[in-house]
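Peer 1: These are the residues of each chain, in order.
There are 2 protein chains.
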Amino acid sequence: MKKKIIVQKFGGSSVANVDRIKAVAKRIVERKTARNHIVVVVSALGDTTDELEKLAFQITKTPPEREMDMLMSTGEQISCSLLAMAIKKLGKAAISFTGKQVGIKTDKSHTKARIETINGKCIRKAFDENKIVIVAGYQGVTDDNDITTLGRGGSDLTAVALAQALNADVCEIYTDVKGIYTTDPRIVKEAKKIKTITFDEMLEMASLGAQIMQARSIEVAKRFNIPIHVRSSFSKEEGTMIVKQSQKLEEISIQGVTSSKSDAKITICAVPNQTGIAAKIFSEISKADVNVDIIVQNVSHTKHTDISFTVPKSDFTKAMKAANIIAKRIKAGNVTQDKDIARVSIVGSGMRSHHGIAAKMFEALAKNKVNIDMISTSEISISCIINSKQADKAVKALHTAFQLGK
Amino acid sequence: MKKKIIVQKFGGSSVANVDRIKAVAKRIVERKTARNHIVVVVSALGDTTDELEKLAFQITKTPPEREMDMLMSTGEQISCSLLAMAIKKLGKAAISFTGKQVGIKTDKSHTKARIETINGKCIRKAFDENKIVIVAGYQGVTDDNDITTLGRGGSDLTAVALAQALNADVCEIYTDVKGIYTTDPRIVKEAKKIKTITFDEMLEMASLGAQIMQARSIEVAKRFNIPIHVRSSFSKEEGTMIVKQSQKLEEISIQGVTSSKSDAKITICAVPNQTGIAAKIFSEISKADVNVDIIVQNVSHTKHTDISFTVPKSDFTKAMKAANIIAKRIKAGNVTQDKDIARVSIVGSGMRSHHGIAAKMFEALAKNKVNIDMISTSEISISCIINSKQADKAVKALHTAFQLGK
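Listed in order, the protein sequences are those of chains A and B.
Numbering of the first sequence is given in numbering that gives the first Met the number 0, commencing with residue 0 and proceeding in unit increments.
Numbering of the second sequence is given in numbering that gives the first Met the number 0, commencing with residue 0 and proceeding in unit increments.
Some hints could be false.
Claimed, not checked - Have a look at the derived ranges for each label pair, beta carbon to beta carbon:
1) A:Pro184 <-> B:Ser261: 30 to 40 Å
2) A:Asn35 <-> B:Lys3: 51 to 61 Å
3) A:Lys91 <-> B:Lys2: 25 to 35 Å
4) B:Ser313 <-> A:Lys53: 58 to 68 Å
5) B:Thr61 <-> A:Met0: 31 to 41 Å
6) B:Glu115 <-> A:Lys120: 21 to 31 Å
Unchecked claim - Straight-line C-alpha distance at most 20 Å; calculated PhoX-like pairs for lysine-lysine:
7) A:Lys91 <-> B:Lys60
8) B:Lys107 <-> A:Lys124
9) B:Lys60 <-> A:Lys107
10) B:Lys88 <-> A:Lys60
11) A:Lys88 <-> B:Lys60
To be verified - Every beta carbon over 10 Å from chain B, so not counted as near; a handful from chain A, in silico:
12) Glu66
13) Gln76
14) Lys87
15) Lys88
16) Asn144
17) Asp145
18) Thr195
19) Cys268
20) Ile294
21) Gln336
22) Ala365
23) Lys388
24) Gln389
Keep in mind the hints are simulated off the structure, nothing from the lab.
No residue lacks a Cβ here, since even glycine has one placed at the ideal position from N, Cα and C.
Based on the provided sequences and hints, a complete structural model is requested.
Peer 2: Structure representation (structure tokens):
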């Protein structure tokens, strides 16, 4: 009989100290049976990543990226060897591997490398010996034998990519929350755990601020249709399944409300109303290596219009510089900025075909005196840019209006 | 013109913190010219090794050795990437490599692996690009791609082995002392730095307690005739050169006085005086995996004799057990023990051919009322086992008697 293959990923908070490592080991051993193979991907212990980064920045403000990867990849190597020890201590065979040993080949973009192929030969050999396999997350190796790291959320990506390469039955993401919630439980105490969510909905939730899994990993899971189970390291309760299609795809289902304060707004005023002007602006912005999120340009019947867009706060300085340059070149007016913004969003499949949803959202915000600054809609979400001070109030209002606590 | 190749090794105390790493980087950069290539081998930052070991032992009292190597090797990976950053910050090109990347192939004896071959291709490539090369010490890789570590003093071994593989002109060992001294300056303040010492003398010094370099590394340097320069990380002063032959090999030169309290003495009393009895005893002891150091059996004209030997304190329990078993089997008497012993030694080439040396040593000890318990001589050393309380007094007396402070 073919054995079931389970990929499990434990984040940094799940292995923050020796006691937690032991608890994780116990949990893995309890799961291991004669009928399955288990591959565990593990992040660095608690604060290790921050501590290593601090060391590097004490040496130089601009650490070379190749050396940075050499440094940062040690965090996961430490945690995976410790976890293998803890499992062996409980009497089960285990073996740890670095990204390089597993043959996770990446491109050469140090600190944000992309996985190209996974060899995985040593994992299959370990399966034959009935060993639990522990893999250092977040890292790979180039064709030149240089160590790379995968950037933020890299361990999730390692887990999903391994699940794909090994044709795993499920990829379990263990975290410090019990699953995906209808909204942030710290803001709305009635927030409910979602049982099943689609990849697309989760992608919206992830990019809109629910920081459980990075969008990159969900995109890979979606592309290869790898079911993800997001669940708690500290409880045996079932978490949230992320799947291709929800059973209830035909009804409108608002899955959740998210909010994020990580963006800032830039407005180029009095832009000449000409064909191709937006293209000119945003090609300049993108040359500055800035990720633009929401763009709003009102239809204008005059000779000038205002164009607003949001960018991550980390890109703000670059973006402002680029905006000022292009504004001058196209003979537009002032460039204004607003850092005190928040985006609140509702996410759910099928909302496009049901016009009442947007109206209900705007109504709920209006009733709570929340002023809407910009609006953006997608196939499965509606987002409003509002003043950041009103973000929590808005989330509560929307959670209640769409009866998500029920 | 062929460029000079210099291998430098910096120990853990030389890179204990960010400031020291920066100081080491400065020193390396000052040394780098258009006419040389520099390879730097670096140990783990200060306490890192101890901290990692502590983590492992908090998980299990018997960490599997393969996982232990996976864990411990991260210490040097951290320091070599940080050092490469610090050098780049000073404007010189640098690149760091793990033992694996350099192609340091070892056998499979995890935690105490032996180097088999060094490929070094990536170092020669880095030389072509005029980069300073930083190599993580203490580690290698097996044919199966498993990470190994080389055991105590492993970084010295990496440096010497690289010097051999690259046919380097010199291997510089940077440490927290200024070189090899005639004796421990903490005991005798008149102790003088030795300018030149032979490999053989240094081997005696090392195994007899001068803890600058492990015997393994010196043996390799001797075999391949690699000149070693032991010097301080914190001063530009010349240190001690370790070479094949001293210029003054024809005269008797007492190089130094060493002492060590790491051994214990075991005596099997009333051993039947038969041919082959010593072989019986010590084959039993060696089966218990104990390193026996000095053995003394007096010529006896009676039917019984006492046999005494010293063993490292760490092997003491095993050794006593084995001694008791064999004593019973060969119908010997009691087994007695003495842990309060010290070994004081004088080391120098050519002492065998000059009988006055031993007499002078015994006289100096007698004059200071130091009782000699056992005596052992080699080609280039004479050692006496004495009471540990008298060790410092004995070292001082010998240092004065042989005029080493002059």
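Peer 1: If a hint holds in the structure, say so; if it doesn't, say that too.
Peer 2: Checked hints:
| no. | hint | verdict |
| --- | --- | --- |
| 1 | A:Pro184 <-> B:Ser261: 30 to 40 Å | violated (59 Å) |
| 2 | A:Asn35 <-> B:Lys3: 51 to 61 Å | holds (59 Å) |
| 3 | A:Lys91 <-> B:Lys2: 25 to 35 Å | violated (53 Å) |
| 4 | B:Ser313 <-> A:Lys53: 58 to 68 Å | violated (37 Å) |
| 5 | B:Thr61 <-> A:Met0: 31 to 41 Å | holds (35 Å) |
| 6 | B:Glu115 <-> A:Lys120: 21 to 31 Å | holds (23 Å) |
| 7 | A:Lys91 <-> B:Lys60 | holds (16 Å) |
| 8 | B:Lys107 <-> A:Lys124 | holds (18 Å) |
| 9 | B:Lys60 <-> A:Lys107 | violated (40 Å) |
| 10 | B:Lys88 <-> A:Lys60 | holds (9 Å) |
| 11 | A:Lys88 <-> B:Lys60 | holds (9 Å) |
| 12 | Glu66 | violated (5 Å) |
| 13 | Gln76 | violated (5 Å) |
| 14 | Lys87 | violated (5 Å) |
| 15 | Lys88 | violated (4 Å) |
| 16 | Asn144 | violated (6 Å) |
| 17 | Asp145 | violated (8 Å) |
| 18 | Thr195 | holds (37 Å) |
| 19 | Cys268 | holds (43 Å) |
| 20 | Ile294 | holds (39 Å) |
| 21 | Gln336 | holds (34 Å) |
| 22 | Ala365 | holds (54 Å) |
| 23 | Lys388 | holds (41 Å) |
| 24 | Gln389 | holds (44 Å) |
Hint compliance for this structure: hints 1, 3, 4, 9, 12, 13, 14, 15, 16, 17 are broken, all remaining hints hold.
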